[in-house]
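Whole structure, please, built from the sequences with the hints as guidance.
Chain by chain, the residues:
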Amino acid sequence: MRVVVIGAGVIGLSTALCIHDRYQPVLQSLDVRVYADRFTPLTNTDVAAGLWQPYLSNPSNPQETHWNQQTFDYLLSHLHSPNAADMGLALISGYNLFHEAVPDPSWKDIVLGFRKLTPRELDMFPDYSYGWFNTSLILEGKRYLQWLTERLTERGVKFSQRKVESLEEVARGGADVIINCTGVRAGELQPDPMLQPGRGQIIKVDAPWMKHFIVTHDPERGIYRSPYIIPGIREVTLGGIFQLGNWSEVNNIQDHKSIWEGCCRLEPTLKAEIVSECTGFRPVRPQVRLERERLRFGPSNTELIHNYGHGGYGLTIHWGCALEAAKLFGEVLEERKLLRMPPSHL
Amino acid sequence: MDTVRIAVVGAGLMGLSTAVCIPTLVPRCSVTVIADKFTPDTTSDVAAGILIPHAYPDTPVHKQKQWFRETFDHLFSIANSAEAGDAGVYLVSGWQIFRSMPTEEVPFWADVVLGFRKMTEAELKKFPQHVFGQAFTTLKCEGPVYLPWLEKRVKRSGGLMVPQRIEDLWELHPSFDIVVNCSGLGSRQLAGDSTIFPVRGQVLKVQAPWLKHFIRDGSGLTYIYPGTSNVTLGGTRQKGDWNLSPDAEISRDIFSRCCALEPSLHRACDIREKVGLRPSRPGIRLQKELLAQDSRRLPVVHHYGHGSGGFSMHWGTALEAARLVNECAQALGSPAPKSKL
Numbered sequence: 001m002r003v004v005v006i007g008a009g010v011i012g013l014s015t016a017l018c019i020h021d022r023y024q025p026v027l028q029s030l031d032v033r034v035y036a037d038r039f040t041p042l043t044n045t046d047v048a049a050g051l052w053q054p055y056l057s058n059p060s061n062p063q064e065t066h067w068n069q070q071t072f073d074y075l076l077s078h079l080h081s082p083n084a085a086d087m088g089l090a091l092i093s094g095y096n097l098f099h100e101a102v103p104d105p106s107w108k109d110i111v112l113g114f115r116k117l118t119p120r121e122l123d124m125f126p127d128y129s130y131g132w133f134n135t136s137l138i139l140e141g142k143r144y145l146q147w148l149t150e151r152l153t154e155r156g157v158k159f160s161q162r163k164v165e166s167l168e169e170v171a172r173g174g175a176d177v178i179i180n181c182t183g184v185r186a187g188e189l190q191p192d193p194m195l196q197p198g199r200g201q202i203i204k205v206d207a208p209w210m211k212h213f214i215v216t217h218d219p220e221r222g223i224y225r226s227p228y229i230i231p232g233i234r235e236v237t238l239g240g241i242f243q244l245g246n247w248s249e250v251n252n253i254q255d256h257k258s259i260w261e262g263c264c265r266l267e268p269t270l271k272a273e274i275v276s277e278c279t280g281f282r283p284v285r286p287q288v289r290l291e292r293e294r295l296r297f298g299p300s301n302t303e304l305i306h307n308y309g310h311g312g313y314g315l316t317i318h319w320g321c322a323l324e325a326a327k328l329f330g331e332v333l334e335e336r337k338l339l340r341m342p343p344s345h346l
Numbered sequence: 001m002d003t004v005r006i007a008v009v010g011a012g013l014m015g016l017s018t019a020v021c022i023p024t025l026v027p028r029c030s031v032t033v034i035a036d037k038f039t040p041d042t043t044s045d046v047a048a049g050i051l052i053p054h055a056y057p058d059t060p061v062h063k064q065k066q067w068f069r070e071t072f073d074h075l076f077s078i079a080n081s082a083e084a085g086d087a088g089v090y091l092v093s094g095w096q097i098f099r100s101m102p103t104e105e106v107p108f109w110a111d112v113v114l115g116f117r118k119m120t121e122a123e124l125k126k127f128p129q130h131v132f133g134q135a136f137t138t139l140k141c142e143g144p145v146y147l148p149w150l151e152k153r154v155k156r157s158g159g160l161m162v163p164q165r166i167e168d169l170w171e172l173h174p175s176f177d178i179v180v181n182c183s184g185l186g187s188r189q190l191a192g193d194s195t196i197f198p199v200r201g202q203v204l205k206v207q208a209p210w211l212k213h214f215i216r217d218g219s220g221l222t223y224i225y226p227g228t229s230n231v232t233l234g235g236t237r238q239k240g241d242w243n244l245s246p247d248a249e250i251s252r253d254i255f256s257r258c259c260a261l262e263p264s265l266h267r268a269c270d271i272r273e274k275v276g277l278r279p280s281r282p283g284i285r286l287q288k289e290l291l292a293q294d295s296r297r298l299p300v301v302h303h304y305g306h307g308s309g310g311f312s313m314h315w316g317t318a319l320e321a322a323r324l325v326n327e328c329a330q331a332l333g334s335p336a337p338k339s340k341l
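Chains as they are written, first to last, in the UniProt record's numbering: chain A, 1 to 346; chain B, 1 to 341.
Think of the hints as simulated: they come from the structure by calculation, not from any bench. Check each hint, because a few of them may be wrong.
Stated by the list, open to error - Cβ pair distances, simulated, as ranges:
id: 1; chain 1: A; residue 1: LYS158; chain 2: B; residue 2: LEU124; range: 39 to 45 Å
id: 2; chain 1: B; residue 1: LEU25; chain 2: A; residue 2: PRO119; range: 29 to 35 Å
id: 3; chain 1: A; residue 1: LEU122; chain 2: B; residue 2: LYS125; range: 40 to 46 Å
id: 4; chain 1: B; residue 1: PHE108; chain 2: A; residue 2: ASP73; range: 34 to 40 Å
id: 5; chain 1: A; residue 1: SER57; chain 2: B; residue 2: ALA248; range: 53 to 59 Å
id: 6; chain 1: B; residue 1: GLU83; chain 2: A; residue 2: ARG221; range: 27 to 33 Å
id: 7; chain 1: A; residue 1: VAL250; chain 2: B; residue 2: CYS269; range: 51 to 57 Å
id: 8; chain 1: B; residue 1: LEU124; chain 2: A; residue 2: ASN251; range: 40 to 46 Å
id: 9; chain 1: A; residue 1: GLU188; chain 2: B; residue 2: ASP253; range: 57 to 63 Å
id: 10; chain 1: A; residue 1: ARG221; chain 2: B; residue 2: GLU249; range: 56 to 62 Å
id: 11; chain 1: B; residue 1: MET101; chain 2: A; residue 2: PRO119; range: 27 to 33 Å
id: 12; chain 1: B; residue 1: MET101; chain 2: A; residue 2: GLY222; range: 44 to 50 Å
id: 13; chain 1: B; residue 1: LYS125; chain 2: A; residue 2: ASP21; range: 23 to 29 Å
Where a beta carbon is used, it is the ideal one built from N, C-alpha and C, also for glycine.
See below:
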């Protein structure tokens, strides 16, 4: 049973790990491979700040709320192990700021210690008049991808650096099941008019005294278009850019100014050293595409499981989606009568 | 009136902050800070500098609250300004956790820190040995950065730093008109105060940059305080122990207690040991004293004895010490006999 995962960002690698760990014990012939043209540190996951936080509004697909919760719980359970830092995982508290009162988000009971900001706290942010404080998680993309790669390598999962030109090429190459985790460029393999790049640019600075995230919101400008400051394990990510349909991979000077001015206004202590600046593309879609499709190339059927379109919340939702993709994979195995033991043994 | 010549003995947190406050209250004065140790070799450099007050049995609670509030508000405005990095002052959130219900669920300083509340059940799950906890946001003031910043401020207003060991306060007469005694444990000798004694604290400074929250056990014996360039793990409270050399067995014990609270610390590296002797006293001594010997008179303002609560109280007590210095200065200038002090 050859499974090819296309894509080595957080979605591809976590899905590969989830499927391997779930089914390898009951399917000796399971052979999982990861094909990608870009690996860490060149994926979009590497650019993400890594703060666990879903969008403020309810997702159009209610399953996504469940997947977000599953991811948070999964990550929280790893916090108590010495491995947490190796995974790029840590608890982080911080502020969400608004210009006016807003309803509480659906994820207020998922994060820890959610509460409204007190007047003295709001005094720190003169441009804002309302906000929340909560404890959430940081999952640094780069470190997490390295960790996932190590876990997969230990398990004998093979990586192959290549540009996949078509699903047919992979099917004819012997794949029984293809997991499509190609993120923002999924349209190159199969056109998807609902998928668009949400270009983001971020500046990483050295500001180790910053211990809290600060995310501002401006409903007039839209999500991710308002300044945010998110400390990672070592560096602090400054951002606030979201441009739908922009494929430019080059750092833009206007965007740089906008991020820098916005963040320095928000946090006057930020006289910090710039370490790096980069651009990434959020794979924006009205909802995540997580479903099966059956392809026919020549005489055989190839099962396809799509898992892409996670927008700006890929790290936030990844594990729940990996579990769902694994479940869909299980259905394929059942249909082909490949499972040795009943699923309850898993 | 001539310039009032003021000597501040001690260049730790109290000496330097008092030296900064004095010129703001006392017209026409000169300030000279005299000490055998300057940053980074003072006790204040070892402390983590987290603003969580220590309770003094002999100081009225309303006074402690006032000093804490003054200190917090002062540092809070620095933390939100462009000076924050230079001053080493910033906000940090975290938890104080208890293995058994504390007698006081809401301490006197709860409304001074930010966002004080009880921990939720979900938050307490992180600490299975603990049954109760408080979550809040407070300030951290890093000695090795804050003290040099204070020194700069003292020098900017014309103050001098003189490295010299003083064995007797009379050495400062008649060169100085008023002496401010911020010598901490040195007061045993300089002020003949036998009520001040060391409480030895050993800490580890480690690299663990992923830690963003403080964790303090309510007993005060085990704590994890993330800083700008390292994380402080503690600690010990050894009364009457003057030993400044780190003890390897104690280091192992501190590390193990902290890892029990925060398992990710097993990955911490570059572990360094430090020891500080807290200048402990049943109450902070903030008092004027007129030393007299034959016909000589020397007004002294005592400002020492903060134990574990130095950083939490320093600005409030420094302001009070400066007020006492001003009283002394006014008395010097008046035509009335000096004994009126």
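Hints, verified against the model:
1. For the pair LYS158 (chain A) and LEU124 (chain B), the beta carbons lie near 44 Å from each other, so the given range of 39 to 45 Å is met.
2. Between LEU25 (chain B) and PRO119 (chain A) the CB atoms are about 31 Å apart, so this pair conforms to the stated range of 29 to 35 Å.
3. A beta carbon spacing of about 30 Å between LEU122 (chain A) and LYS125 (chain B) contradicts the range 40 to 46 Å that was offered as a hint.
4. As the Cβ distance of PHE108 (chain B) to ASP73 (chain A) is approximately 37 Å, the hint placing it in 34 to 40 Å holds.
5. Distance hint check for SER57 (chain A) and ALA248 (chain B): the Cβ-Cβ separation is about 56 Å, which falls inside the suggested range of 53 to 59 Å.
6. Checked against the hint of 27 to 33 Å, the pair GLU83 (chain B) and ARG221 (chain A) passes, with Cβ atoms roughly 31 Å apart.
7. Checked against the hint of 51 to 57 Å, the pair VAL250 (chain A) and CYS269 (chain B) fails, with Cβ atoms roughly 37 Å apart.
8. About 44 Å separates the C-beta atoms of LEU124 (chain B) and ASN251 (chain A), a value consistent with the hinted range of 40 to 46 Å.
9. In this structure the supplied range 57 to 63 Å holds for GLU188 (chain A) paired with ASP253 (chain B), their Cβ-Cβ distance being about 58 Å.
10. A C-beta distance of roughly 58 Å is found between ARG221 (chain A) and GLU249 (chain B), which places it inside the suggested range of 56 to 62 Å.
11. Checked against the hint of 27 to 33 Å, the pair MET101 (chain B) and PRO119 (chain A) passes, with Cβ atoms roughly 30 Å apart.
12. For MET101 (chain B) and GLY222 (chain A), the Cβ-Cβ distance of about 47 Å falls inside the hinted range of 44 to 50 Å, so the restraint holds.
13. Evaluation of the 23 to 29 Å hint for LYS125 (chain B) and ASP21 (chain A) yields a pass: the beta carbon distance comes to about 25 Å.
Of the numbered hints given earlier, the model fails hints 3 and 7; all others are met.
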